[in-house]
Amino acid sequence: MTKTALAGIYRDYIACLNRQDWPKLEQFVDDEAIHNGRRIGLSGYRGMLERDFDEIPDLYFDVQMLISDPPYVASRLGFDCTPRGKFLGLDIDGKRVSFTENVIYEFRGGKIVEVWSVIDKAAIEAQL
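Counting from 1 along the sequence shown, just add 34 to a position and that's the residue number in the working numbering.
Just so you know, these hints were derived from the structure itself, not from any lab.
Don't take each hint at face value.
What the hints assert, rightly or not - Once the Cα atoms are required to be at most 25 Å apart in a straight line, the calculated DSS-like pairs of lysine-lysine come out as:
1) K155 with K129
2) K58 with K145
3) K155 with K120
4) K37 with K145
5) K58 with K37
All chains, please: the whole structure from these sequences, using the hints.
Here it is as structure tokens:
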């Protein structure tokens, strides 16, 4: 797969998340997906995203940086949102916060098989 094709698949995946089009998620995420070292599969991955959107109703994935080097994609995602209650163990309670997430994805057969994700929690703490 070319760099351009993989980047296109990734952008389509992000659009799927932002639309909360959960039935289409299976087009992008492998049945045996691993997230930060834990095998959660497609159902666990979908559940994680559904919880995120439930806890953060205005969640929007903004791709700020994207590097495609098949089979990997590295992305810096920006967020400007208002989580309800606790988020990452922090009492946010509806305050608007901005932060980034650095993520590396491994693709196989056009689908995400593994994800390594780090959220900039210190940026959120500095805003509280």
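- Agreement of K58 and K145 with the hint, judged by alpha carbon distance not exceeding 25 Å: 12 Å, holds
- 25 Å Cα cutoff - pair K58, K37: 22 Å, holds
- Holds or violated: K155 with K120, Cα cutoff 25 Å? 13 Å, holds
- Message: Hinted pair, alpha-carbon criterion (25 Å max): K37, K145. Please report holds or violated.
- Response: 14 Å, holds
- Restraint status (C-alpha distance of K155 to K129 at most 25 Å): 15 Å, holds
Checked against the numbered hints above, the structure breaks none of them.
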